[in-house]
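Chemist: Whole structure, please, built from the sequences with the hints as guidance.
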Amino acid sequence: MNQPLPLILRTEPVQRGLFNRVRATPPNEACVYATADRRLVLLDAGRPLSWSEQVRSPYRFRYNVDMSDHRRTAELRSTPLPARGDHWFFVATVDVGFRVHDPVEIVRRNVGDALPLVYGHLRHRFRRITRQFEIEQSTEAEEAIRRAYAGEVLLPEGLTIFDVAPRLLPDENASRHLQEVARARRTLRVNEGRHAVDLQEALQRGELERMQQRARLEADERERAALGPDEMSVRQMVVWYVARNPQDTEQALNLLMAHEQAMLERQDAHNQKTVDLFRFLVEKDVLHAADIEPMLPDIVSRIGGVPAKAPVAAATTWSEPPVLGGPASQPSTDPPGRQPAIVFEQDPTTRVWKPADGVQPVYLLIDESTEMGPYIPDLSDGARALHEELMKAADVAPAVMLSVLGFADHVATRLPMETVVQGSPSPWFAARGPVSYANAFEALLDRIGPDMETLKTQGYQVLQPLVHVLSGSSPGEGEEWGVPYRRLVDPETHRWVPNIVACGFGPAPARLIAEVATRPQSGHVAPQDLDARIAIQRYWQSLGRNILATGRSLIEGRPELAMDPPAGFRLAHEVI
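Residue 563 in the numbering used here sits at position 293 of the sequence shown; the count goes up by one each step and never skips.
Think of the hints as simulated: they come from the structure by calculation, not from any bench. For clarity, every value in this text was computed on a predicted model and none was experimentally measured. Careful, some of the hints might be misleading.
Beta-carbon label-pair distances, calculated as ranges [unchecked claim]:
#1 Ala-452 - Gly-752: 37 to 47 angstroms
#2 Ala-418 - Gln-474: 55 to 65 angstroms
#3 Glu-747 - Glu-491: 53 to 63 angstroms
#4 Glu-450 - Gly-390: 33 to 43 angstroms
#5 Gly-463 - Gln-734: 38 to 48 angstroms
#6 Gln-791 - Thr-683: 23 to 33 angstroms
#7 Gly-463 - Asp-799: 13 to 23 angstroms
Glycine included, C-beta positions come from ideal geometry on N, C-alpha and C.
Modeler: What follows is the structure, encoded as structure tokens:
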């Protein structure tokens, strides 16, 4: 509570005695005199009466009025200031300076305490000003109040307000409202930003899909042009399909053999009906020997004997023996007199990969922490070279499922688990943040299980996953990566325990590489004197050879993991 501020400091009767002394008056006080008829007089800016004036004066009382400058700080909490609409309110803290300009009026009005006058005036005028502004416009309302009190404001009670410095804040309810509005606006801006990113990504995906579709259509068009304008037989169609989809070889050949067997059985049944018909006609004397002789070549042709000469019909898509029509018009590139093979058998020395033979999931876990910044182009170039090498090895690619992950402070998917084929995206890397091996192993735990189950639902026989780790940095001080790693390689808690092949170069500790590798012979480090870029290049070359060798061993029916080290690398456990 503010203490009262009295402006009338003293009230005393005027002494007229000859021996009464005149009381001295400080400079900050003004003397106001009152006569018997209640007139108030201020002598010469408030000076006191002299002794002679005091003896002869008609004045009965003397009032000492405080003329000094006063400054107070007040909080207008009991009467908050309304914003526009009177729904929300400001809480005001104001620094105010005031003084007496008319001491006579102070005495006349008997102003015992100046503060209620000053604060009441401020509240009344502030309310008129703040009602012009929204609750969010506290700064503008403050400026309007300052402009209103830019000069001195004279109050009718004899006071002058010469300085006003307001500070306006929303009250508790308005503050909650404004915070909710601010949160909503931030959420809106964030959602707009996310929408823009999602929209751009969708446009980019659409553009990439259109490019891939155009590439596929152009490749199909070139392939059709290379096959020539002639229509294809059923056998040619099957051979063409198997060349594009070797994983379906067994099913396609079985269907082709069943189709050709059905056509032969159908032709045999038709021939038997033809023989029975002619036997009946001969027995009934409808046909005689002289009538049969001109028809004999055609009859023999129909029952599978020597082919008869017939007009060559236009080629058709399905080159099959006729059943009810004339002689079959089956174009053939075989020499005259040689019957085309009906069923062909696969060369027993050549194996074609089938999903039942097993698929090898391979994860590449590549260090792309900040320390790898100078080598990111080398890592990306190596990944692209490996990607192109797998695309060219069309016989091996179906047996290998590849996923490329980059790890730093978190794990980023650079290539999801898929077969590398023409048109699939090439992985790339970007330096970002400190390295975290714990996050890398946690990510593998989260990914391997779902990936393997997805492959199984697609009909693949899934082999034990293989993880290739390339590291060029040491773990941060105090990083606990052992717990997620042990969960990853523990068959009691993790069904799909991977084989981990680890390679390190530069600052990567040999002990770390040896501990990450699941076998002693699968952890290798580059010599310290070997240039890092050369080490990276040798790593990608070795990795490509190992993946292709692993895939070929699957196709040949003797699955085996190839783990030959890069040239010049040493076993990590021997370096420790």
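Chemist: Each of the hints needs a verdict: does it hold here or not?
Modeler: Against the structure, the hints:
1. Ala-452 - Gly-752: 37 to 47 angstroms: holds, 44 angstroms
2. Ala-418 - Gln-474: 55 to 65 angstroms: At 57 angstroms between Cβs, range holds.
3. Glu-747 - Glu-491: 53 to 63 angstroms: holds, 59 angstroms
4. Glu-450 - Gly-390: 33 to 43 angstroms: holds, 34 angstroms
5. Gly-463 - Gln-734: 38 to 48 angstroms: Cβ of Gly-463 to Cβ of Gln-734: about 43 angstroms, so the range 38 to 48 angstroms holds.
6. Gln-791 - Thr-683: 23 to 33 angstroms: holds, 29 angstroms
7. Gly-463 - Asp-799: 13 to 23 angstroms: The hint (13 to 23 angstroms, Cβ to Cβ) is violated, given that Gly-463 and Asp-799 are roughly 48 angstroms apart.
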